[in-house]
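Engineer: Kindly produce the complete structure, drawing on both the sequences and the hints.
Number of protein chains: 2
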Amino acid sequence: MAQIVKPSTLPGFMELLPKEQILFNEMMDTIRKNFEKHGFLPIDTPAIEKSEVLLAKGGGETEKQIYRFTKGDTDMSLRFDLTVPLARYTVEHFNDLSFPFRRYHIGKVYRGEKAQKGRFREFYQCDIDTIGNEKLDILNDAEFPVVIYHTFKDLGFDDFTIRINNRKILKGFFESLNILDSVDVLRAVDKIDKIGREKVKEELCDNGIEEDIAVKIIDFILISGTNSEIFDALDRLEIDNEIFNEGLSELKQVVKYITEFAVPEKNFTVDLKIARGLDYYTGTVYETTLDNYSNVGSVCSGGRFDNLASYYTDKKLPGVGLSIGLSRLFYQLNEAKIIEAKKKSLIDLIVIPMTGFVDEAIKLVSKLRDGGINTIIYTEDAKIAKKFKYANALEVPYTLVVGENEVKTEKYALKDMVTGNQEELSLSEIISRIKEN
Amino acid sequence: MAQIVKPSTLPGFMELLPKEQILFNEMMDTIRKNFEKHGFLPIDTPAIEKSEVLLAKGGGETEKQIYRFTKGDTDMSLRFDLTVPLARYTVEHFNDLSFPFRRYHIGKVYRGEKAQKGRFREFYQCDIDTIGNEKLDILNDAEFPVVIYHTFKDLGFDDFTIRINNRKILKGFFESLNILDSVDVLRAVDKIDKIGREKVKEELCDNGIEEDIAVKIIDFILISGTNSEIFDALDRLEIDNEIFNEGLSELKQVVKYITEFAVPEKNFTVDLKIARGLDYYTGTVYETTLDNYSNVGSVCSGGRFDNLASYYTDKKLPGVGLSIGLSRLFYQLNEAKIIEAKKKSLIDLIVIPMTGFVDEAIKLVSKLRDGGINTIIYTEDAKIAKKFKYANALEVPYTLVVGENEVKTEKYALKDMVTGNQEELSLSEIISRIKEN
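Line order of the protein sequences matches chains A and B. Taking this note's numbering, the leading residue of the first sequence gets 218, the next gets one more, and so forth. Taking this note's numbering, the leading residue of the second sequence gets 218, the next gets one more, and so forth.
It is worth saying that the hints were derived from the structure and are not from the lab. Treat the hints with care, since some could be wrong.
A pair counts as met if it fits within one copy or between any two copies, since identical chains are not told apart.
Keeping only pairs whose Cα atoms sit at most 30 Å apart, straight-line, the calculated DSSO-like set for lysine-lysine is [to be verified]:
no., residue 1, residue 2
1, 331, 352
2, 561, 580
3, 473, 625
4, 625, 603
5, 604, 469
6, 370, 580
7, 483, 370
8, 606, 652
9, 604, 625
10, 274, 469
11, 223, 532
12, 469, 584
13, 532, 334
14, 473, 600
15, 606, 250
16, 352, 223
17, 352, 236
18, 533, 490
19, 554, 483
20, 625, 408
21, 580, 603
Keep in mind the model is a prediction, meaning the values are calculated, not measured.
Structural biologist: Structure, rendered in structure tokens:
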């Protein structure tokens, strides 16, 4: 006998019990269904890629967090997002794809971050992106909030807000204030919900911005109201900057389209504070928050980028996309007990044969499964009480015992495991009863 | 501008175009649906585990093929199958599980094998296993061929054969010939379909077996006929060995149950040649072959084992399970053009607005999606011919143009992209027409 090894997963890796996994899969199916309804096509790329490909862009944090190793002479890494693989995929298969290329990808990514509650080293991302060849119509920017809206509605949420902005508005506004390198400003602005007005002002001033300009910036990003009130306020500023006006015109168009797609104004709002990842997005940006659970943070974000794959090709591939961090979202919703599976068990029914009636029970089980009922037959040697306990532990809604009487009458006492009620039903009645629940 | 890196995947890693991915996902969904119908519950384990856990059993080939690396002080590896993670999972979560524990797991596994056609270093396995606590009824052995039968039927196959044997029959038979260490014999016997009778005889004799005994062994494993003819032949041998008789009795019981589960005899057969992996299975074993594509090899295999997790616990956890190597199966069926997706495109319809009719088209698209039609709206700046070409390239079955007339009459000319026919239909007629296809 070999020595016994203590079985455990690595820290920072999520693993669920079947009951939780059912809920997780239900959420993943809902997301996938919405992605498909909106006309995105599936791809699935290898989790391992050449390091030189994945790290073509380089950059500090990524390099530190990545799982990188060699096998033989090959330097390889686990993907840390689905966007770099998309860039590689789009260029590698360019001639076999049709543009706009609309793809969804649901898969695991890996980041060796410091392990902490709710942060995982392996997690699912659910991404959609539309990639154009050279150009891409602004309507695409409006489509992503529509997908988010339907997805979160189908996930069971009513109170969520999709926040929309356009990076060109910020960039142009800063230019109009003679701030040409806006990276530090954007970084400060992005924190206003977390650290507040005064701290942002301090940080701006520390970056060499005059106090009155800092106040102007803060007043600007805090402009609020309905979408049309915000647009009126922006118009009144009469900012004479081309980029600003381009951004404003795009944002107005996007908001108009989103409204036409029948997304209620309750669920989306222009928010000039939204800046997003600093060196990637170039136009429309999105973030989504759950109104009653602000501590959950942004549950879905994305935006427009000018060029997907400059590290792999000279072709210009503009795109727009978004990502749902499903593992983190699931973990937080599950911890807060906000979500519940539509079906607690994937098993509809357990059939329990009395001694001597296994053969008859098998025939019944076959017909139930053919009728679309997820059924198991319990034939282990155990007392009847233990068999019901098994059904309860798995939260199976129905059980049914097969004995002499049932075989004779072809009526079966279907037991509702929640109420304890029993009802004498025929095979076809059982199938309808379970299906209508 | 950074230097351009040539974008490519690592050799031995499968990656599909969306059109193929749709088919792959359809197969995966079919498998999953069948697993759930037969009452298996989902789990999903991390792809990375502690090396000491994954390699508790050790063993030459595994160690060589595994992707093993360190990050910080941690020695970790990518999983090479779903069975070792199942063993770890079952012991780690023992107190939270109900037994028999019926689980399915569809996920990627990693083996750094020599790259060759149809063999992948990252591939999907689709596993189901039922694990008992201390004991597990023989009915479970009969359930797995039933799942295989329904799965392959739903995958579109009629002509396949599930081959069933019981390792105890072989072990007991060899014992009756005074062969007590049967490992080498099993290994030789397992090859008879590949290398033929004479070569197996040679190999047996090389292993120190008398020629007349070798002939007896070969005659034994080649016993053929209907299942009852094979059983009659085995009965007539009157072998006085306890293990043999236990195995024969189990196999008879399993065949009886499979028949009661309504699996046609055409699709399953007792085959005494089936021996399977040498140190793992202890009772019932299965292999499945496609009758018309023998070169594809076994597409699904499994069996009964006495003890799942002896490296992690003293508890006895007998089980039975099977695995479908989906990536390999898909690759071979796709290469041989045996399979085709039920839906070639996941997009049902492309809506093309004429200039000035985008707003009206958006409203229509929303209603179509609400009606369950997977729809995209094409607003890129391009000639109409290019837009139809896009639809054809994606094999989208229907298109529809929205212009002044359509908006006025609320009737739309739905174009069937295969036949070229157009039909004037209302919104609700369009939804029914597309759904009935």
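Engineer: Each hint should be assessed against the structure and marked as holding or not.
Structural biologist: Status of each hint after checking the structure:
no.: 1; hint: 331 to 352; in the structure: neither (39 Å within a copy, 42 Å between copies)
no.: 2; hint: 561 to 580; in the structure: within (26 Å within a copy, 36 Å between copies)
no.: 3; hint: 473 to 625; in the structure: between (67 Å within a copy, 22 Å between copies)
no.: 4; hint: 625 to 603; in the structure: within (26 Å within a copy, 67 Å between copies)
no.: 5; hint: 604 to 469; in the structure: between (62 Å within a copy, 27 Å between copies)
no.: 6; hint: 370 to 580; in the structure: between (41 Å within a copy, 19 Å between copies)
no.: 7; hint: 483 to 370; in the structure: within (13 Å within a copy, 48 Å between copies)
no.: 8; hint: 606 to 652; in the structure: within (23 Å within a copy, 43 Å between copies)
no.: 9; hint: 604 to 625; in the structure: within (23 Å within a copy, 65 Å between copies)
no.: 10; hint: 274 to 469; in the structure: neither (33 Å within a copy, 63 Å between copies)
no.: 11; hint: 223 to 532; in the structure: between (52 Å within a copy, 13 Å between copies)
no.: 12; hint: 469 to 584; in the structure: between (58 Å within a copy, 23 Å between copies)
no.: 13; hint: 532 to 334; in the structure: neither (41 Å within a copy, 32 Å between copies)
no.: 14; hint: 473 to 600; in the structure: between (65 Å within a copy, 25 Å between copies)
no.: 15; hint: 606 to 250; in the structure: between (35 Å within a copy, 26 Å between copies)
no.: 16; hint: 352 to 223; in the structure: between (56 Å within a copy, 23 Å between copies)
no.: 17; hint: 352 to 236; in the structure: between (46 Å within a copy, 24 Å between copies)
no.: 18; hint: 533 to 490; in the structure: within (29 Å within a copy, 59 Å between copies)
no.: 19; hint: 554 to 483; in the structure: within (24 Å within a copy, 50 Å between copies)
no.: 20; hint: 625 to 408; in the structure: neither (73 Å within a copy, 50 Å between copies)
no.: 21; hint: 580 to 603; in the structure: within (23 Å within a copy, 56 Å between copies)
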